[in-house]
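Produce the complete structure using the sequences and hints provided.
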Amino acid sequence: MRPLPVGEHGLLIELDSAEEVEALHAELLRRAADGTLPPVGEMVPAARTVFLDGLADPCGLAAALPTWDIPPLAAADRPTVTIPVRYDGPDLADVAALWDVTPDEVVRLHAGTAFHVAFCGFAPGFGYLTGLPRQLHVPRRTTPRTRVPVGAVALAGPYTGVYPRSSPGGWQLIGTTDTVLWDPVREPAALLAPGTRVRFVPQDRQGRQDPQVPHAPQEPVV
Amino acid sequence: MTDRTVSVVRAGALTTVQDLGRPGHAHLGVPRAGALDAPAHRLANRLVGNPETAATLETTLTGCALRVHTATTVAVTGAPCPVTVDGRPAPWGAPVHVPPGAVLEAGAVTHGLRAYLAFAGGIDAEPVLGSRATDLLSGLGPAPLADGTVLPLGRPQGPPAAVDTVPHPGPAAELVLPFLPGPRDTWFTDAGLRTLTAGRFRVSAASNRIGLRTEGPPLERARTGELPSEGMPLGALQVPPNGLPVLFLHDHPTTGGYPVVGVVPERHLAPAAQAAPGTPVRFVRMR
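Chain order of the listed sequences is P and X. As numbered in full-length UniProt numbering, residues 1 to 222 make up the first sequence, in order. As numbered in full-length UniProt numbering, residues 1 to 287 make up the second sequence, in order.
Do not rely on the hints blindly, as some may be mistaken.
To be verified - Across the chosen pairs, the derived CB separations fall in these ranges:
id: 1; chain 1: X; residue 1: Pro-152; chain 2: P; residue 2: Gly-112; range: 39 to 45 Å
id: 2; chain 1: X; residue 1: Thr-197; chain 2: P; residue 2: Ala-93; range: 50 to 56 Å
id: 3; chain 1: P; residue 1: Gln-135; chain 2: X; residue 2: Ala-108; range: 57 to 63 Å
id: 4; chain 1: P; residue 1: Cys-59; chain 2: X; residue 2: Arg-267; range: 18 to 24 Å
These aren't lab readings, by the way, just hints derived from the structure by calculation. Where is the CB? At the ideal position from N, CA and C, for every residue including glycine.
Take a look at the structure:
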């Protein structure tokens, strides 16, 4: 763990793995909830770091961090959401070729993966979901699309994600969901927050769960 | 019943609704947003008897004009500009009574960039996550003003401030940005860091509410390669591969993948909101 000062009131805590980031983030949230963490304005977990801003004494916290006992994160500690997906994305065949499998197998592998939100960014409600094994990581499109439709389910690098609104984007599009990822009048506005577990459930074009796909998770649909 | 609204006669180059923003949601990918020149926003509100949290209008360069459908008190602060009511000159930086049906105009700024228009009661747009601010990066909050847009006003809350004079910003001949190095200053060579403090930079015309871009000598990197996405503070000096620092302002993304060479404390950011393209920029190391 390496704490780096950021301006007058910030601390960027660098860690060695995504798992360590999640464990530290969970510990920070625990300490914030029980009142033993000094007041924090922002707490932003990312790929290899947790960024804290609005601290009165960042150096004091940096000095205390190495003394913390940080337990690894148990999966049961996380909330779960289930997102129904029509696997009809224009890049499904390309992803199948990159993975060297059939498109049906892409659906089975994607829907069979236990994802969780590593961090958020890019747009309100956009979560970077990790869980794909290394051999299934894919590059971004060489030419980004000027418009990716809302609800597009996509892959890039080690991540999968769902576009909360229409925007330009270079991720590989494999499907579509009607689930609303971001609704500012809903509480919470973002369906996906760091740490949330996510399962994708294949649907056919009529919105029924696809019976062809084995191992589809059975959790209630959020 | 009084029609407590204003309608936009001339929206100007870019006029947005702003307040103190929506901090605390960066972990969900939500930028802070809010008035770039926060002291000017607060002053405008005080002048018309509003709490500092009330929403004002932030104009860019060319000002804006609005028809006021109810008798109200208005104040214009920030970048100095001619203020008129139905074409007749009115004071800048002071409470101005506007009769129903009159057109209030803030003209093109004489220097600086952004003016703030406060109305007694504030702009009563629909709050999103507790803020009425327009966030250009995320598209949260009210859309930028367009000709014909109608905006609701809130109920006046207090008497306008009794003032003789208000602080009047002098022309900013040079933008001086004090910064604390880090967290990724080790990604740059010593020569690169010297370039930052000794180089002649200027505000780029590509600047906006997301970031103040600079033109000047590129900073030399000590290491290449990609930086995994990490949280970015307000005031971050992020250096993309072209080597030219970008000062992150209120609509900045919550995470980014380019190294941050230093951070300008928030209390030094208001002058950046008023630095027009071409303004010389000097970066001064604080320690």
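Taking the hints in turn, this is what the structure says about them:
no. : hint                                   : in the structure
1   : Pro-152(X) with Gly-112(P): 39 to 45 Å : violated (51 Å)
2   : Thr-197(X) with Ala-93(P): 50 to 56 Å  : holds (52 Å)
3   : Gln-135(P) with Ala-108(X): 57 to 63 Å : holds (59 Å)
4   : Cys-59(P) with Arg-267(X): 18 to 24 Å  : holds (19 Å)
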